[in-house]
Structure formats: C-alpha cells, structure tokens
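Student: Here is what each chain is made of, one letter per residue.
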Amino acid sequence: MRILRAIFAHTSGRIGGAIVALYLLLAILGMLGLTPHNPLMQYRVDRLHAPDSAYWMGTDLFGRDVASRLMTGIGQSFTVAFFSVAFATLAGTVLGLAAAWFGRRWDGLLMRVMDVLLAFPAILLALLIVTVAGPGTWTSIVAIAIVYTPIFTRVVRGPALSLKAREFVDAARTFGSSSSYILTRHLLLNLVAPLTVQVTLALAWALLTEAGLSFLGLGTQPPAASLGLMLSDSRNLMETAPWLMIFPGLAIMVSILGFNLLGDALRDILDPKMRRSIA
Amino acid sequence: MMPLLSITDLRVGFGRNPEANEVVRGVGFDLAEGETLAIVGESGSGKSVTALSINRLVDYGGGRITGGSIKLRRADNSVFDLLTATEPQLTKIRGAEIGMIFQEPMTSLNPVLTIGTQIEESFRLHRGLTGRQATAAAKDALDRVRIPDAARRLEYTPNQLSGGMLQRVMIAMALACNPRLLIADEPTTALDVTVQAQIMALLAELKRETGMSMIFITHDIGLVAGIADKIMVMQGGEAVEQGELNQILDHPQHPYTQHLLHAVPHFASGRATRSDGRREQDKGTEPALKVDGLVVRFPVKSGFFGRASGAVHAVDGVDFDLMPGETLAIVGESGSGKSTTARAILGLVRSTRGTFSAGARKAAAEQSALPVQMVFQNPYASLNPRLSIASILAEPVIATGGRVNAQTRTKMAALLKRVGLPESSLERYPHEFSGGQRQRLCIARALMLNPSVVVLDEAVSALDVSVQARVLELLVELQREFGLAYLFISHDMAVVERIAHRIAVIYAGQIVEIGDATSVLSEPKHSYTKKLIAAVPTIDRRREHFELDTRQVPSLVRPLGFEPEPARWDEFGPDHRARVEA
Amino acid sequence: MNYLMRRLATFPLVLIGVSVLVFVAIRMVPGDSITAMLGTEAGLLTPAQRDALAAYFGIDQPWFIQYWRWVLGLLHGNLGISVTYGKPVLDVILERFPLTLELALLAMIIALAVGMPAGVFAATHNEKLSDLGVRVVAMIGQSTPNFVLALLIIYTLSAGFGVLPTMGAFSPLWQDPLRNLSQLLLPAVTLGFAFAASVTRISRSAMLDVLSDDYVRTARSKGASNRTVIWRHALPNALIPVVTLSGIEFGYLLGGAVIVEQIYALPGLGRMILDAILQRDYALVQGSVLFIAFNFMIVNLLVDLAYVALDPRIRLGER
Amino acid sequence: MVQHLTKKLLSGMTLPGIALAAMLGIAAVPAQANAATLRMAWSQDATGLDPHKQTAFSSLRLLELIYEPLVRLDANLQITPAIADSWQFSADGKELTFKLNPKAKFQNGAAVTSADVKASFERILDEKTSAAARANFLSIASIDTPDSATVVFHLSQPDVPILTAMSDINAAIVPASEIAAGSIGTTTIGSGPFKLEKWDPNSKEVLVANKDWAGGATGVDGIDISVLPDETAILAALRTKQVDFALLNDPLVATLVPKEASLQLNRVPVLAYHVLQLNPSRKPMTELKVRQAISCAIDRQEVLDTASLGEGKVTGPLTIPALATDPNQLFCYTRDVEKAKKLMAETGYADGFSASVIGATGEPPTAAAEAQVIQSQLAEIGVKLDIKMMELNVYVDAWLKGDFDMAIALNGGRADPYTMYNRYWTKAGNLQKVANYIDDTLDGLMQKGRTETDPAARKVIFGDFEKHITEMSPWIWLYTSYSYTAQQKNVGGFVPVPTGSLFSLAKVTLQQ
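Chains as they are written, first to last, in the working numbering: chain A, 1 to 279; chain B, 1001 to 1582; chain C, 2001 to 2319; chain D, 3001 to 3512.
Source of the hints: derived by calculation from the structure; they are not laboratory data. One should not assume that every hint holds.
Only some residues are given here: those of chain A computed to face chain C with a beta carbon under 10 angstroms [unchecked claim]:
hint, residue
1, Val113
2, Ile123
3, Ser162
4, Leu163
5, Ser177
6, Phe259
Just so it is clear, CB atoms sit at the ideal spot from N, CA and C, and this is done for glycine as well.
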C-alpha cells in the first residue's frame, strides 16, 4: 500500500504504473475474450482492411482484427514475460544466495557456470534453447528464464555478500541464529527491494526477448498472436498495410517503456542510495 | 580598519523553500587577521553549513543563503561582498584567499588524479604556473607540510597514502596559494588520536609561519583548547555563546556550553576514573571471561595458485581476564587488533590459537546458553532495517531455541523501558529511531539472553558527544544492576576514562600495557602508552606545542611460521604491568 | 600480472563449459547435416548411403567421441571444416567477423559520442527542463527494440522519401569505404540508438553521484571553475559505470546482431550462426559460439583492465 | 526519386550530394561497375556445387548456368538439344542413343566426350555418391560408348521418363578427369555458358561468360549474384537500380514490383505444388470419407488468395501444363461444406476431431498462412487443427518419419509425372512411408505410364491417375505458385520456364 502510494507520488512511477496497468487490463480483457472481435476470426472479405470504426487498428492478411489480436498478443507476451521472470528470479535468488552463503568453492563453481551462460549473447542462447526444445509458449518461458537466471544470480549474490558482512548478520551470529533464519530474515528480506526493481526491469527485457524470438518465428506459434510475431508478419506488408507494423511496434515500445519507468520509480523509492539517478 | 572577515546575521536554508528550512539562523562573528576562531557544536548545529557559506560552497550542496552578509577584506584592503559575488569572481577568491580542508581526507581528494596534479592545479588556477614550475611549486608545498620524500610522493595517487598523510596533502593544497583565511572543517575527526595530534601541531606551526587566519570547526571542545583564540558555540543553527578562549573554557555562561564542558567526557589524565567496583585481589571469584594466548592470523595469498606466503598477525598473543561487574577497556589505534580481539571472542573470526572461558553466572536457573554478547559500533548497520523492533529483540530468543511467549514479551518491554525507550517501540522499525536510541536498542537486544559479559566494540564512538555521555551513564547503571562484565573496545581515551576499571593498551596485535585504569592513565609506563596519552587533547593543555612525528605504524604482515618473542613484563604495582621494550 | 594469469586460466574452463553445452545442445535437435543438405529428399537415401554421409559429416560416432575428436583438433588450432561452406571454420568466421566488429565499433562510437555528452549535460542541468528532455528521449530510446527501430527507419525512408537503405552485396571497408559506410550507417544507428540511451542514462546518474562527492567540493574550494570540475574532476570518476556498460554491450554486439543483420541483409556473425544452426553445420556452430564466448571474455577482461587504468584504487583480483 | 530526395535535402546545405546521401545510408548513384555485367540478387544462396548432389533450388539455378545435361527442356517443357545434338529410342524402348555436339567443350578446354557422359552417369548410379537423381536412372543396365561422340544407354526395361530425367541438371555431364580427381563440388568445370569465378557462400557469386561455350556467345559478360536474405531488401535494391535482375519467392514482394515503372515482373506457374498432406495411417484419416470431407471443406482458391495474395493457380496433382486436367473436373474442387459435414457424419465424426498440422518455418514462406486459413476452414466442419510450425530440419525429420497427422508442404515437381510421383504413389516408392497410402489402381496406372511411349496414351493414363488420387484424397493438392523474376526494363531476352530454370540468362542482354 505504502509502495503504491509512493509510486503514485513519483512522476515516472505514475506514468509507468499507468502504462503497465493499462496493459494488464488489456491483457486480462484479451484473455477473457472481451475483445472487439474474435482475434482468430478471419473476416475474409475484409482482408487487409485499413483502420476504421469497425476495425480500430485495421485487419491483417487473414482479415483478423488487429486490435483484438493486439490485446490477446499482449496477454501472450505478458504471460511469457511474467513466468520467465518469475522462474529466473526464483532460480537466481536460490543460486545467488547459495553462492554468497557457501562461498569459496561453491561460489566459484556457480559463478563459472553463470559465466558460461553469460558468455552467450542472450538472443543466441534463447535461440539455441528454442531450437533444441522446439518453439512454443513454454519453451520461450524456459529459454528466457535460463537466459536471465545468471543476471538474477549476480543481482542477488552481490548484495547478499555485502549483507552477509553487515553488522546485523554478525549480531545474529553472536546469538547463534540458524543459517536458515539469517538467510531468510536478514538476507532475503533485505533483498526484496533490489529484487523488485530488477524484476520490473527484467520484465521489460523479457518482453523484448520474447518479441525477438517470435520475430524470428521461434516464439509464439500461429494462429495465436504475440507482439513480435505480429510485427514479423507485417514486414512484407509494410507498404500495403503499414498499420500491421505500426500498432504492434508501438505496443512493444510502450510496454517496455512502462516497465522501465516503473522500474526506475521503484529504484528511487526502494533504493535511497540511487534516489538521485532518476533518468 | 575592518576585520578580515565579518559575518552578520547569516541565514542559510535548504530545499525548495529555504526560508522555511533554515539550518543556520542569524549567526554573526568577526575574524581579525591572524586570529583563529573555533566553531564548536554537535551534528546538526549548523557549524559546517556556516563554514561552507563563507566561500559559498553551500550553493553546491543544495543550500541557499537567505539573509545576512559576509564581507571579506581583500589583500588590497578592498571589501569583497561574498553574498553578491558572481561565480567567476568566487572562483578567484576560493583557493587564493580562502582555503579549506575537510573532514574525510580519504574521500576529499580526487581518487583518479595523482596528488601532484591536484596540488599543481591550485598553482595553475591562481598563479598561472604550468609544467615544471608547477611541479616544483607542488613539491615545495609538500615539503612545507613535512611530508618526507616529497618529490616521489607527487606521483602517488591518494589510495597509496595513509589518512594522516592525505590530510597533510589537503593542507598543502589549501595553503598552496597562501590564502589569508583557512577554514578547517573537522579536519581530524576521522583520524587516530596520535595522527590528530600531529595534524594539530602542523596547523599551529603553519599558522605561526604564515600569519593566516583560521576557522576551525569541531565537535570536540577539548581539541581547540590548543589552537583557538576565540570560540563560538553553536546549537540548533544559532551561536549560543562566543568569546575569548579562556573565558569560554573557564567561565561558560550558556547552559549548553556548560554541558559541553562538564557533562561530556573530557580526558583528565586518570583523574576522572570510576570509583566503584574496583578489582580486589585474591577474592577467589571465577572470572567472567578469561582469555589465554589469543592469536588471530589471516593468511596472505600470493602467486599463481594463491598459496599462503605469509600472514597478517592481527592479534598476537593476547591474554587477560575479566571479573563480573568489571569493565576492561581495550584501547588502541586503528589496525591495532582491538576489534579483531572482540570478534574472535564472539567467534565472528576464527582464532588461530588460544582459549577463552566464560564463567558461570551467579544463579544457575538464569544461566544463559551464550554468556557473551556484543554491541557493535555502527548503530545504523547493526539492526536489520526490515525487521520490527519486536522481531529484532526476539531473535536471540528464537536463535537459542526459545519461544516468543508472554514472558518474552514482558521481558522485551521491561528491557526497553530500562534502556529508556517507550514500550510502543516494539512495533516500530529501526529507521524511526535516532543513533543513540538505536544503540540503546542494541544494548537491550544484547541483554535479552542474560549474558554475563557484554563486549562493547566502539559502542559509543559513532554518537554525538552529549548522546555519548548519556549512553555511557546507562551502561554504568546496567552494569551495577545486572552485575555485567564489560569488555569495552575504544580508541577514545576520554570515554575510556569514564567507564573503565582496568585498561589494556594494545599495539600491533599485542597488549603493551595493562592494569588499573587510574595508574595506567596517570602513570603510563610503556612508550606507546605515553605517546598515546600525550596525544589526547584536553581542555587543560591550552596552546600547547605538539611534537611532529612521522613514524609509520609497523606492518603486521609476517613471513610464514614467524612467532613473536614471548612477552616479558615489568610490574609497576599490584595491578599494573607493561611489556619490556626492546 | 598475476591477476591476468589467473583470469586467463579460467578461460579454458568457461570455454569448455560453453563448448560442451553447444555440442550437446545442437545434437539434441532433430534433423542433422544430412537432412539439412537434402531436405525431404533425404528420405530417398538407402541406409548405406546414409551411413556413408554420416561418416562424411563425422556424425557417425557417439557425441562424446565426436567431442573428443573436436577438442583434439582444437588443440592443433583446427576448428574443423564447415560443411556448408566447404572451408575451415576459422576462415568462415574471420570472413564475417570484420563486419560484425565494424558494426559493433560504429554502434559504440555513436553511443558514446551521443550518450556521454547528453548524460553529462543532463547531470549538470539536473531537474531543469533540458534535463527532463534528455531523460525522456533516453527512456524512449532504451525502450525501443532494435528490430522495431529498424523497421521504423526502413518504413519512414520508403514511405516518406521513397528510398531504401543501401543493401546489395556487402563491400568491406578496405574495398569501398563510402559504400561500406553507407551500408553500415543505418544498422549502426539502429544498434547505437538504445545503446546511446543506456549510456546517457548511466553517465547521467554516475555524474550526479560523482558531483556530490567530497573531492568535487575540494576542487571547488580550490577555485576550480564549473567546467574544470565537470570535465577534469568529475568525468574521469564517472567513467567506470560507462565503461562497464559499454563493455558488456560491445561484448554482446561482437556476438552479432541476429535480427538487425537479418533486416538489413548484412552478412555478419549473428546471421551466420543462425544459418549454421538451421543448416546443422555443427563445426561452424561450435566454432563460432566458442569464438564469440572467447571474444566476450576478452572484452570483459579489457573492461577490468580499463578499470585499473581509470581508477588507481581498483586493484584486480579483489572480486 | 533518389535525386528528388537529394535535392530536397541539399536545399540549404552545402555538403556534396554523394557524401550526404552516403551518410544517410542511401546509394545516390547506382554503381555502374560494368555495363555488360548482369547484377542479380536472390534471397537464398546455393548450398553446394556438386551438380549431382544438390537439390536446393538456388544451387540448381546456379549450376544450370555452369553445367549442362545431355538435353534441356524449353518453355513448353519440350525436349531440346544441349550437349547431345540428337537422341533416339530403340523400337523396344530399351535402348537410348545420343549423339554429342562436337563443339561441346569443358571450361578447362577439353572436349566433352562419350567417356565423360559414361563416367558422369556411373557416378550418379554409384550409391556412395548419394546422387539426388539416382532413383530416376535405376533402369540403366549398362552404358556403351561406340565412339567419342556416341553414347548408348541399355535399359533393363522400357523407361520413357528417363529422357526427361536426363534434362535435369542433377544429370549434368561433368569431366571424367574431375570425377577421378574427386574434385566435383569443390572446383566447377562445366560446359555451360558461364564460369564460376568466385563464390562467397551466403554473400555472393561472380560468374563470367564462357567464351568457348558451344551454344554461342552469351548476351552479357558476366553475372554478379548477391544474396539478400530479405526479399524486401531485394525489392529495394531493384528500385534503387543496384540490381538488374532478381529471383523472388515471396508473392507479397512480387506484387509490389509492377507498381514500379522501371521494373518488370515475369511470372510463370511452376511445377512445384502446395499441398496439405494427410496421413492416412493416422486415425481418423484412415477413413476415406474423412479425407474426402477435408477435401470438400477446403476452399483452395481462398487459401491461394490469402496466403499468396492470389498469386498462383489452383491445381490438381499434375502440374505439367500438357497433362493437367481442368481442376473443376476433379473431386470436390468446388468447396462444399454441406457435403463435407455429411461425409463426416457418415463416419461418426459429426462433432469433428482434433488433429495437428506441421509446417516448416519459412519453407515455403506461405506455410504458416496456409495452415491458418486451412485451420479456419476446417473449423467449420468441426476439425480442430493445432498448428505446429517447426524449424526446417525438425520438420524434415518428422516428415520423413511420417510422424504427423497433416503436413503443409511445398513439394517439388518434375517435368515427367512418373518421375514426379513414383516415390510416393507406387508400391515400391521410397517415400511410400511418408505418403502412407497406396492402392492397386494407383500403382497400376503409374507402371503403365512408365512404359507407354505414345504421348496421347500417356495423357489418358495420367488423367485417370489424377482423378483417382483426388477422389481417394490422401493429400489435398492446393495450388501452384508462380515463379517470379523481377528485372529492370532494360534487361532483354529472359524467358521464364515452369521448372524455374534461369538458363535463358545465357542469352539475356542489357540495353543501355
């Protein structure tokens, strides 16, 4: 509640929050089927129809309503982004805490493994995983989660190491607090703030990666819609039907903008050290 | 003729509405040529803001001067109004007419530039010197602050020099263009006491040499006794009292000045030690804590495979015992191994050798699983910011397998009350408390397990002087009430004098002198103890001349397998002995 | 030096990890070099023909034996032969690499040349309207996926001006510099845009942090002008985050920009790997991923070394 | 147009035009490297240089310009001379004799002899070569070379389609010496109109005219081929006159060509066909009526209209113009949803069923679109299709295993129906396990077509074949695309051919 109020008081937080909320609303409406048209319905007589009052964003090659597809596409893209970031956060937190806590060899080993993953460009790693597992929603989720796990591991490990050296952890040890107590109450609890920020920003990256994978035909599969796929499908029709490119393109941009703004706001609110760096 | 600097009714505010957020409220003083004014006050008193207003650096810290006047008489006797000056005019004044040194020498020098470059910059800006001329001038400036081997040190970057050295570099830089006014903003607070003495000596000497005026800002009224001509005491943004040095020190008028002079610990060479609970010999009681031959070494790794090539002998053979109800203070400078000793006793660092035994408490029923507890230096870092006070106080109980029940809650409430905090604090979070209150919380937490020994690691060092005094009082009361034994780690001789029954002086990982507080402080035997005590500023030593000493602390890194010679002791009384010096 | 040695010693470990991962992963995908070559016609092969082809492609053994052979070859500096190009893998990679390197460098130059001054400007005009303007543009820049930007650029050029970016066969820099630049400029702008936005944001916040540091106050107390303070005292200290970011981004760009290469029809490393994966050109995939990982680690190492050059406080090895 | 922009930008600026345009990433002036060099672009590069092994469309198109087969097909798919001047079947149809053109020379200067022909066919027939067209020549029992200009093929059985098969570049004649040296596929020494000077895979090819070509002088001095994977990029290159001639696959791009006044689009229906392959070994496609229902429920014209923007022609199984039946006479080529529903109900699938359809990403580019239209059409009779788009190799793997319910495919066509379909629709066909459907009628008709030398009789046989197979509906043939080439209007003399061959580039000229 306090956080919500703080976000509302923060300019970029307000804008970012509004954008994300709007997208969430559209996504939910899309998933509930409350779209202007059936997103899969092919209105064959109205193929490549320019935007008008019936089709707010026009129709695509199959005569499907772009606005409706955009709504379900947002739902699809967000689902992938949310799940993949959730998995990456979970795995990264566990691994990062383990590396920081056990230190020495474990730390070295885990971080080398993360180095291996980090040595791949993100899209290439995702591409390889998708090629191996075959494209689809769950593959995208797993692929993006694997790509971002090393990042979360690092995000958790660094602060966890410095928290581990903080005096309140020393204090806890002088009472003989158990490792699990220290890990959960002293480390994890204090990591919630940086993780929240990171999660928000990672959602933006995940949307980007999902769009990229779909753009290459390795993400969401037709006839389902996703922003990247819609954009990719629009390429050859760019001149005949520019609305096919413009709306999904803007939709991707604005959604990422929303998460970036929200992430910045959260960083300002939750991480006072960075307060000044509102950009 | 007009004084060098004349400030009247200065008002400084911060934020969007500076008039409503005034930090300095109507401060005024005059400073004559060659005179030294000390501005004394605690944090938040507005003393630093006043100083930064003089050269208008306060503008860059978000402050705005909202009223008053600041006038400087320049070398040609023209009067310069600092308040209406433009930024280009100000850059000609700063450094050339008004020099300034700051509290943290470690962060006040640009870390990526060599100190030579940084000193040369002053000459470039105000004297137009370049190239070899500037370098030569910089070397002279370093010579002037008695830095040995100046030519070579010009190539150093700040990280390669110690804090004391850096503060000298700062002084060299500030004085490079012979400003007629030097503003020193707590220049020694971050330094060890012996280093502080040297910086003070240097400042006094340079002042004599150049005849400059100085504004010296400090929280320690004792420190300025040796250097100031005039004192201005500030509280809450106002100058509550100002006058000649002796008048202020001997006949303070304002209650706050009186408080600063009397309630706050000042070093009195063993005359202010505690009279209660002295150690009585051969009483046969078990010590609350006994430490035997404590050794802590950290391996130094080098080479491709990270093999240990030597060891840092952080603690090298420390023994002492601590009786119930007694305070043993361990004093020493930074890097002496005093904190490591404390952490080793608590098991926070692994000791290489040595034994400790913590004795039983009087009643078996009350006996705690963990007889030794600790209070840390930084009250802001030792409480988890995300936990409520109730959770923080409950943690030791949970950790030792206890349950949080009504009895625990009663105990928490009682302890909070005992350390002087309201019961309603339980539901609150650490950030809602001040530093002093937090340290009280830490003490309450340490007492949750009924310890017999509490290790206080610089427990009052981070607090303002008057808060310090009150926490010390609380500690003494608690000691009497619960029969606690304190192991009090500190670098501050004035504080130690107030609380210790016995004192151990530690130097380079070894105890060099230990014994009854009064005898150690009044009749130090070991040369290091003597030096340490001589360096402590006191109100009594006015305008005293300090000896300059440029010796460095010895390296604690020893080759593998190195063992120090067994200690030999000279006994100087029933409870006072010092290590025999080579 | 010691640090450098130890750091270099971890390279083989990471590279082994990378290569095993790639080696196994690419072999887990259905289809192989034979189907890649013949398509559905592969169904016409007799078992004997299939075996002969498998032997020809070196995929007739279990993967660990193939891996062992490959590692042995690697130790002799031989990354294998690309079946699609019929040339040594290293030759194929080195043919593509100059373009990728040039593109990455151009993008970085654009990013730094635009981002750093913008960031410094915003930081020194903190909370003013101009700062807000820079921040808004940077925020939008950072939120624009490069493929969206690429499409927008192409669309704007073609719909608005009726022209299209120079495509056609790629001319290396040393053969036809003008044509080469005209081919790479738009892709470089595409890649550099978001990069510049990130540089702007990070240099702004780093500058803001640094400007409140004690030594900046010291410099001012010496009478240094605002310009001196910003460029001489603050900027060198604010460079570390910028170097870190640029290093990471550059490292990734060296791995090829798959989508942008695809859209602008550039024969870079990214597209080569994508093709190699689709063609099941195992040796080429392995070799190029290894090459990219190696570059990435070298860039990271250079970034670390740059820290030391930038900031004498940093001693390597304290990680 | 470019000048227009440059002018617009130059008003008020002092930068030299070329530099400015270059900075904007626009080629201001088309690089006129060599007026007589044809600059050509395609989106997919050749994958290899061994004419006997390559199957990729681009490889074949490239190799046709370098190598020559014994005979060639013209625009009407009539057999015309190439290396061979003349040919003759024996009366029993088991002996085929060729007379070689005495002027034919390899690019290394050596004359093309009967020994080269013999060696080439022996190489094709050698299992170790894994030649793409080996199956078409299995009836060759032995090869005689009475003199250096005469080759006699002895066949184990009458095999009429073999002559058409020999027109394929997969049956190119390569030098016997190169075969012996094992350098086929690494060096290209053919007898065709152009020499390959440089090949940068996935980037470019440089061809120069072969002055010694037996076919006479070529119209241009050379051909520079660029690989531009994105066809919009090819279009851009055409517009900005960076390219004279281009191969286009994507109909969406092709339709934009005529809008450009300076460009010309050539299109011709190809032999390859878009098809929805049902897998009759999977339930419920085992039921004839279910397959027929699917056939009736699909509106082929609409699939064509949507997926290819109408750029193509609805077709039955036979795509060879001379043999094809009018689609309207084929089973259910007029959409009939009611009939389809009835058929479904008769087999107990009134409520439909669920199945999946596989397709390869980008191969053909219309696959995903076709799948989506079909999905929507079949939904009307209750068939719930799940589309699985796969990376090409994964698709091929599943396809070869017959591991699919339905598959969207673009299958290659041949100039002879027997060669085209024997792999699927004969009992011994190597891809029978993919087709999964055969009956005696089909097998019998195919065998008859193989031995019949009379063209009229063959037309009847294959007409029956076509009617029967569309009624059995193991596959649902959809349409054939056009093959597109786009060119500047100053390119003259190009003749599009249904096989997609670019051989006529040999005689193409560039007018200034």
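Student: It remains to establish, for every hint, whether it holds in the given structure.
Tutor: Checked hints:
The criterion of a C-beta within 10 angstroms of any C-beta in chain C is met by valine 113 (chain A), whose closest approach is roughly 7 angstroms, and the hint holds. Interface hint status for isoleucine 123 (chain A): upheld, as the beta-carbon distance to the closest one in chain C is roughly 6 angstroms, under 10 angstroms. At its closest, the beta carbon of serine 162 (chain A) sits 13 angstroms from a beta carbon of chain C; the interface hint therefore is violated under the 10 angstroms criterion. Restraint check, leucine 163 (chain A) versus chain C: the minimum CB separation of about 17 angstroms is more than 10 angstroms; hint violated.
Annotation: interface hint on serine 177 (chain A) violated; nearest CB of chain C at approximately 28 angstroms, more than 10 angstroms. The closest approach between the C-beta of phenylalanine 259 (chain A) and any C-beta of chain C is roughly 8 angstroms, which is under the 10 angstroms cut-off, so the hint is satisfied.
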